[in-house]
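Trainee: Just so you know, we're using our numbering here: the sequence shown kicks off at 1 and counts up by one.
Some hints could be false.
Unchecked claim - Simulated pairs of lysine-lysine, PhoX-like, Cα-Cα distance not exceeding 20 angstroms:
1) Lys128 with Lys169
2) Lys128 with Lys139
3) Lys192 with Lys139
4) Lys50 with Lys128
5) Lys203 with Lys192
6) Lys139 with Lys111
7) Lys128 with Lys111
8) Lys185 with Lys139
To be verified - Derived DEER-like restraints, expressed as beta-carbon distance ranges:
9) Tyr59 with Gly121: 30 to 40 angstroms
10) Gly182 with Asn153: 46 to 56 angstroms
11) Tyr59 with Asn115: 24 to 34 angstroms
It should be emphasised that the hints constitute simulated quantities derived from the structure, not laboratory data.
Glycine included, each C-beta is placed from N, C-alpha and C at the ideal position.
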Amino acid sequence: MFVRKRQLIVILFLSIASILVFKIEGLKGNVSTEIRLNKLPFQIGQWQGKDIEVTENVYQILETKDVLMREYKDEDGDVVILAMVYAGRNRDSLHPPEYCYLGGGAELTGKSKDNIPLNGGDVLSTNKLIIKFPNGSTKAWYWFATKGRFVSNYYLQELYNLWDALLGKDINSALIRVSVIGNKKGLEDKAKAFINEAVGPIKDVL
Numbered sequence: 001m002f003v004r005k006r007q008l009i010v011i012l013f014l015s016i017a018s019i020l021v022f023k024i025e026g027l028k029g030n031v032s033t034e035i036r037l038n039k040l041p042f043q044i045g046q047w048q049g050k051d052i053e054v055t056e057n058v059y060q061i062l063e064t065k066d067v068l069m070r071e072y073k074d075e076d077g078d079v080v081i082l083a084m085v086y087a088g089r090n091r092d093s094l095h096p097p098e099y100c101y102l103g104g105g106a107e108l109t110g111k112s113k114d115n116i117p118l119n120g121g122d123v124l125s126t127n128k129l130i131i132k133f134p135n136g137s138t139k140a141w142y143w144f145a146t147k148g149r150f151v152s153n154y155y156l157q158e159l160y161n162l163w164d165a166l167l168g169k170d171i172n173s174a175l176i177r178v179s180v181i182g183n184k185k186g187l188e189d190k191a192k193a194f195i196n197e198a199v200g201p202i203k204d205v206l
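Whenever a hint applies, use it, and build me the whole structure from the sequences.
Mentor: Structure representation (structure tokens):
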């Protein structure tokens, strides 16, 4: 009886694994054609946005054109940069941004979790990166969105996507990154204030 029970468990796990493999393969290789990120408002709170051109080479690397790069400037002239990549069903488009930084020759000098308080008492969990370039440094905060859920863990959002796929739901996920250049006093606080204001509009477009 015990042996038979173990066999049934093994069969169950193999069946689930087979379904997951099938679903994962089905998520690959489909270049997204849904341009939805351009609906994000240019005015967010006191911040005024201006698009940054995305090169064809970047589109090819990410295997999607659902990419937004935008500079937001406040009344003091301080700038934050918002980058968003909508993956849809093409899972190859989504990966932690430190890989891109390191691939471009930058040095990762710090990585940590940073919980950002939001209006209403919520907290947004993000990954904070400190990147060193030959001509200066950058601080970046990033997280993932999957069907209304904001998570900082890449593997957790992949598990959410696999679960949605098993349930026959559409895959809907994106990478969101906010960064600032330099170490000007107060700039980090402004980046977090921008994130607080941008969370609502970002949810609306996803």
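Trainee: Mind checking the alpha carbons of Lys128 and Lys139 for me, to see if they're no more than 20 angstroms apart?
Mentor: Distance ~7 angstroms between Lys128 and Lys139 Cα, so the pair holds.
Trainee: Regarding the pair Lys128 and Lys111, is the alpha-carbon distance no greater than 20 angstroms?
Mentor: holds, 6 angstroms
Trainee: Regarding Tyr59 and Asn115, is the given constraint of 24 to 34 angstroms on their beta-carbon distance met?
Mentor: holds, 33 angstroms
Trainee: Falls inside 30 to 40 angstroms, the C-beta gap from Tyr59 to Gly121?
Mentor: holds, 39 angstroms
Trainee: Taking 46 to 56 angstroms as the hint, is the beta-carbon distance of Gly182 and Asn153 inside that range?
Mentor: violated, 29 angstroms
Trainee: Taking only the CA atoms, is the gap from Lys128 to Lys169 under or equal to 20 angstroms?
Mentor: violated, 31 angstroms
Trainee: For Lys50 and Lys128, compute the direct alpha-carbon distance and say whether it is at most 20 angstroms.
Mentor: violated, 24 angstroms
Trainee: Between the alpha carbons of Lys139 and Lys111, is the straight-line distance 20 angstroms or under?
Mentor: holds, 10 angstroms
Trainee: Is it true that the CA of Lys185 sits at most 20 angstroms from the CA of Lys139?
Mentor: holds, 13 angstroms
Trainee: Taking only the CA atoms, is the gap from Lys203 to Lys192 under or equal to 20 angstroms?
Mentor: holds, 17 angstroms
Trainee: Does the alpha-carbon distance linking Lys192 and Lys139 stay inside the 20 angstroms limit?
Mentor: holds, 11 angstroms
The earlier numbered hints that this structure contradicts are 1, 4, 10.
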